[in-house]
Amino acid sequence: MNPNAVFERHPDLYYSDGDVVLAVKQTTKPDKLEDPPMYTLFRVDKLMLKRHSVTFANFFADADAAPTEVYDGVPLAEMHGDKAEDFALLLNYLYHPYSLVFKRHDPNTPLTISGVVRLADKYLIQPLHHCLVQQVCNDWPTTLDEYDIQQAELDKFLQVSRAHPFPKYTPDRGRLADAIPEPVSAILFAQEFGCPQILPAAFYSLSLIPLSDDWGNNSDWPHPARDHPLARWSLLDKENLLRYTHGCQMLNEYRPDVWRFMCEECAIQPGPLDVPGCKPVPCGLYIKRLFEVVWNPGLRVSVTHGDPLRLLTRCLKYDEMPELSKENFPHRLCEECYQTVFFRLLGERVRVWDMLRKWFNLKLE
1 MNPNAVFERH
11 PDLYYSDGDV
21 VLAVKQTTKP
31 DKLEDPPMYT
41 LFRVDKLMLK
51 RHSVTFANFF
61 ADADAAPTEV
71 YDGVPLAEMH
81 GDKAEDFALL
91 LNYLYHPYSL
101 VFKRHDPNTP
111 LTISGVVRLA
121 DKYLIQPLHH
131 CLVQQVCNDW
141 PTTLDEYDIQ
151 QAELDKFLQV
161 SRAHPFPKYT
171 PDRGRLADAI
181 PEPVSAILFA
191 QEFGCPQILP
201 AAFYSLSLIP
211 LSDDWGNNSD
221 WPHPARDHPL
231 ARWSLLDKEN
241 LLRYTHGCQM
251 LNEYRPDVWR
261 FMCEECAIQP
271 GPLDVPGCKP
281 VPCGLYIKRL
291 FEVVWNPGLR
301 VSVTHGDPLR
311 LLTRCLKYDE
321 MPELSKENFP
331 HRLCEECYQT
341 VFFRLLGERV
351 RVWDMLRKWF
361 NLKLE
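For the sequence shown, the working numbering gives the first residue as 1, with consecutive numbering after it.
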């Protein structure tokens, strides 16, 4: 090690009874090029590390076989290529495995733990890898049912937060984006650390965020960015930006096919819905109007697309829509179509969810 190096003991992970000191270079750059490097020192127990990691066991075996530097009466070893803040999280997990729990829906979690997951892989500590990856996965739904539950929870959260004249999304009156998962960092995390099951939900969430709503937007009140989900667009690479663009296009073009929501008897009757001079099927007219009302561009929640999963849910309330009243549609729906349209709307939501992988060009794994 550099004889002029500056050492700084970690405030919590420097144990007086430890039998080895591990030095990790700090990532902060010196004020001047000629300034000596700075290291964070961790005094720990070899046995603790060797029990968790065969890589550490081999490392200490090699170190014991050769002359080593001594610091504070015990061997000193430099951990090349590691970052002090990540190494501290790694050691904290080994000494206090139940303390490594992050706030639910914290948008910073993927960025905070990426470095220590890489260390877990480097030192072959699979339980730590699994624990940390699961922290991110827990914030993202992997099924439509989980997605619906999360959206219902978010809707209620927004209702409560916005009941006050000055919406309060976090205890310190932060932005909405500070209280919900952030999709870009989650996407990059999932792709690097092998949890593709969260990608459909993360890309769908991202698809509802326009490029103008960037994480770095001014958050001072009353800036509108405070009330919007935001994305770390600067982190998104070209390939994922193409996925986003393609998915937004497919979702924007999506419209339900009227005939798929009619009962078999009505669906086979002649009468195109858009051909002048032909008498269309009443049920077809009703369902066509239903989709026109719900897909009204003026009701869109985002400039990117209309959010088909939410719109199809809104369609389930066709009985409550004044545009579909008996005055406007005396025949309403036949008894068979009345049941058919409800259950096929539910099925269509499942189909749209399943299509997300294709629409965002995600690999099936």
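Hint data in this document are derived by calculation from the structure and do not stem from the laboratory.
Careful, some of the hints might be misleading.
As the list claims (entries may be wrong) - Distance windows between CB atoms, simulated:
1) H130 / Q151: 23 to 29 Å
2) P97 / T27: 24 to 30 Å
3) F342 / T27: 38 to 44 Å
4) L47 / S161: 24 to 30 Å
5) T170 / E292: 38 to 44 Å
6) F102 / Q126: 45 to 51 Å
7) T68 / F102: 32 to 38 Å
Glycine is no exception: its CB is placed at the ideal position from the N, C-alpha and C atoms.
Evaluated hints:
1. A hinted range of 23 to 29 Å holds for the C-beta pair H130 and Q151, which are about 27 Å apart.
2. Hint check: P97 to T27, Cβ distance near 25 Å, so the stated range 24 to 30 Å holds.
3. For F342 and T27, the Cβ-Cβ distance of about 57 Å falls outside the hinted range of 38 to 44 Å, so the restraint is violated.
4. In this structure the supplied range 24 to 30 Å is violated for L47 paired with S161, their Cβ-Cβ distance being about 49 Å.
5. At about 40 Å, the beta-carbon gap between T170 and E292 stays in the expected band of 38 to 44 Å.
6. Judged by the Cβ atoms, the range 45 to 51 Å given for F102 and Q126 is violated: they are separated by roughly 19 Å.
7. Under the hint 32 to 38 Å, the C-beta atoms of T68 and F102, about 36 Å apart, fit the expected range.
Violated hints, listed in ascending order, are 3, 4 and 6; each of the other numbered hints is respected by the structure.
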